[in-house]
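Sequences listed follow chains A and B, in order. Quick note on the numbering used here: the first sequence kicks off at 1 and runs consecutively. Quick note on the numbering used here: the second sequence kicks off at 1001 and runs consecutively.
Mixed in with the good hints there might be a few duds.
To be verified - Which stretches of chain A does chain B cover? Using the computed rule of at least three CB atoms under 8 Å from a CB of chain B, they are:
#1 79 to 87
#2 238 to 249
#3 325 to 337
Just so you know, these hints were derived from the structure itself, not from any lab. Model, not experiment: these values are computed from the prediction. Don't be surprised by glycine CBs; every beta carbon is placed ideally from N, CA and C.
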Amino acid sequence: MDFGLSDDQRQIQQTAHELLGERASFERVRVHAEAGSTDEALWTELCELGWPGIAVAEAHGGQGLGRIELSILCEELGRSVAAVPFLPSVLAATMIEQAGSPEQQERWLPELASGQITGAVGLAGDGGEELVIGAAGAAVIVLVGEDRTARLLTPEQAQLSPVASIDPTRSSARVGAAADAGEELGGDVSRGVDCALVAVSSELVGVCSRALEMTVAYVKERRQFGVPVGAYQAVSHRCAQMLLDTEQARSTAAFAAWAADSDPARLPEAAAMAKAAASDAGREVTAGAIQMHGGIGFTWEADVHWLYKRAQVDAVLLGGAKAHRARLAAILANARVLA
Amino acid sequence: MDLTFSPQESAFRDELRGWLADNQPDPKPVEGGEDAEFTWRRDWQRRLYEAGWAAPHWPTEYGGRGASMTESAIYFEEVGRARVPYAANVLGLLLGGPTLMAWGTPEQKERHLAPILSAEEIWCQGFSEPDAGSDLAALKTRAVQDGDEWVISGQKVWTSGAQYSKWCMLVARTDSEVAKHKGLTYFLMDMEQEAVQVRPLRQITGESEFNELFIEEARIPESNIVGGVGNGWKVALTTLMNERAGLGFALQIRLRQLLDDVIAIAADRGLLSDPLYADSLAELHIRCESIRLLAWKGLTDTERYGQPGPEGSLVKWLWSDTNQRLTQLAADIVGADALTIGTSWSYELMRARGNTIEGGTTEVLKNIVAERVLGLPRLKASA
Chain A
1 MDFGLSDDQR
11 QIQQTAHELL
21 GERASFERVR
31 VHAEAGSTDE
41 ALWTELCELG
51 WPGIAVAEAH
61 GGQGLGRIEL
71 SILCEELGRS
81 VAAVPFLPSV
91 LAATMIEQAG
101 SPEQQERWLP
111 ELASGQITGA
121 VGLAGDGGEE
131 LVIGAAGAAV
141 IVLVGEDRTA
151 RLLTPEQAQL
161 SPVASIDPTR
171 SSARVGAAAD
181 AGEELGGDVS
191 RGVDCALVAV
201 SSELVGVCSR
211 ALEMTVAYVK
221 ERRQFGVPVG
231 AYQAVSHRCA
241 QMLLDTEQAR
251 STAAFAAWAA
261 DSDPARLPEA
271 AAMAKAAASD
281 AGREVTAGAI
291 QMHGGIGFTW
301 EADVHWLYKR
311 AQVDAVLLGG
321 AKAHRARLAA
331 ILANARVLA
Chain B
1001 MDLTFSPQES
1011 AFRDELRGWL
1021 ADNQPDPKPV
1031 EGGEDAEFTW
1041 RRDWQRRLYE
1051 AGWAAPHWPT
1061 EYGGRGASMT
1071 ESAIYFEEVG
1081 RARVPYAANV
1091 LGLLLGGPTL
1101 MAWGTPEQKE
1111 RHLAPILSAE
1121 EIWCQGFSEP
1131 DAGSDLAALK
1141 TRAVQDGDEW
1151 VISGQKVWTS
1161 GAQYSKWCML
1171 VARTDSEVAK
1181 HKGLTYFLMD
1191 MEQEAVQVRP
1201 LRQITGESEF
1211 NELFIEEARI
1221 PESNIVGGVG
1231 NGWKVALTTL
1241 MNERAGLGFA
1251 LQIRLRQLLD
1261 DVIAIAADRG
1271 LLSDPLYADS
1281 LAELHIRCES
1291 IRLLAWKGLT
1301 DTERYGQPGP
1311 EGSLVKWLWS
1321 DTNQRLTQLA
1331 ADIVGADALT
1341 IGTSWSYELM
1351 RARGNTIEGG
1361 TTEVLKNIVA
1371 ERVLGLPRLK
1381 ASA
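Please build the complete structure, drawing on both the sequences and the hints.
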């Protein structure tokens, strides 16, 4: 048993960490967030490096690596909250690769893998228009129904109105579609959704760990009553709780990524656990980050709010913690019936 | 990342599981109280010992199997899964033996290790005192040299199993002139002397797992010092580092079994389709799996990279909190049984309150996480 990354995976992690540390500083995130624009220069660079296609099969123009490698990039991009459409686009590629027909894969995966086009995935509202992250500007949108069916749509086949979400580092749109619009994804939609959940959970792990890191640095520096505020247990114990939440999210996300590649029978359970834990942790940890920064944490000037906003959006993306606990309870009940 | 076990580890698990299937302990005695229960556990340890399963983590030269950390964790998982009792001499096997192996003289190892393994001599741990709980180094029990003996006076508390013990791992102050961590010495105290009085402490469960020790001029030969005079803090840390090694895996399995039992009852009562119960049970399932994953991550990282991560304190914190939540939820699901003396549910409901206190309170664990993992500053204690 080994929870460590392989040398190659470690290399990917380190490269991503260093590159984003340089190219996706909070200064740069802020510029694009305030302008409501994608960081095109960074996105182009990431596409040249093949990031959007990291988990796409080589036959479809990707790098053919696994879900763990994809999770590594999601986590690093979550840490940076870079203004690029990476997550929505890899979610679309994941759905099409895992659940699409050969024709659908052939049609969409090469361009998604190269970054020539972007995609988005959202939940199909029952008649209403759901918020779909990354949908404005996406060339292909996958809408997932509650019964785990999925439809693939071009923007022309949907009613799409771009909106400003609370997370300004990514585009979003309200998307509605007729029940028979576009094409059905006829394959293993459930596996596709579970793999997508792993990617979102990994991004949330990155968001949490950055929020905790910034908070710890701040409470060591900030002094009141003659001592760093981090010396007070009301503050330090909240930080400890943030670590526990983060590590719970990290361990369940790692398990789910591993299961996706190596133990598919446990993936549904693992993905539900990961998304539930990561959604809760994302909200709690970034909220804690704002609180532990005090008044400054509530200002536009401090950067913690970018993490809070990303966490809020990711926490409900493809279902929130309660929805996934309900799924998990159903899986447990079903396992009892089968046993 | 590879979350599977090696063929060798799986073979170890299969062998043990097979042995446990063929060798169930006698039924737990219904009469005779805690003494009878202890005798039952002692008999069980003898059978483990005879089959070479009392302490597989001990090196082969001392009668163990030289099991790796992973195999040792598998051992505790399987012992938990089989629902067999803990070995009677659990403190000797987990704490005393490994501490002697690290610090003991050849004579001490020769004299003590075999009777620990066979449960012939039971061990207890005399660390905590009424005024030295979380702040262990503040302990006041004094040891004064008298020829080739030391004379000990003081009081210890929370001493589990003292009423059955032959030996006590005792930390006492041998020098009150130096800094508080530096004046301590680690002794092996013979419990069979008039100067040592054991008084059981009754817990909220009604039973007495632990005791107070009143020590008035007990005598310990010089040869029963472990690790040298003034070195007690370091030796004690070795003991404490072993405190949760392995046993946590048995606790995690016990939590898993309890949760499975609660889920089964909830299913029978049609509560699994109640969204509120379903949500709570799913949350407990996630916590239970997180504990398993974090425990294995901590152990395998230590085994492979030599460096334990932050998982140890997090696992104990999460486990104790989760066990309390689970036993509390069980009271809602199980109903009257959970409030009736004599049922396992009522016992667990009471016993779980100790989980966030024993072996490091949650508050102290949070301090440890904040200071040693996150590197936050420590508030200066007032004198």
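Status of the hints after comparison with the structure:
Counting residues of the segment 79 to 87 of chain A whose CB lies closer than 8 Å to any CB of chain B gives 0, so the stated coverage by that chain is violated, three being the minimum. For the segment 238 to 249 of chain A, the stated coverage by chain B is satisfied: 7 residues place a CB nearer than 8 Å to a CB of that chain, which reaches the threshold of 3. Residue count for the segment 325 to 337 of chain A with a Cβ under 8 Å from a Cβ of chain B: 8. That meets the three needed, and the coverage hint holds.
The structure fails hint 1 only (numbered hints given earlier).
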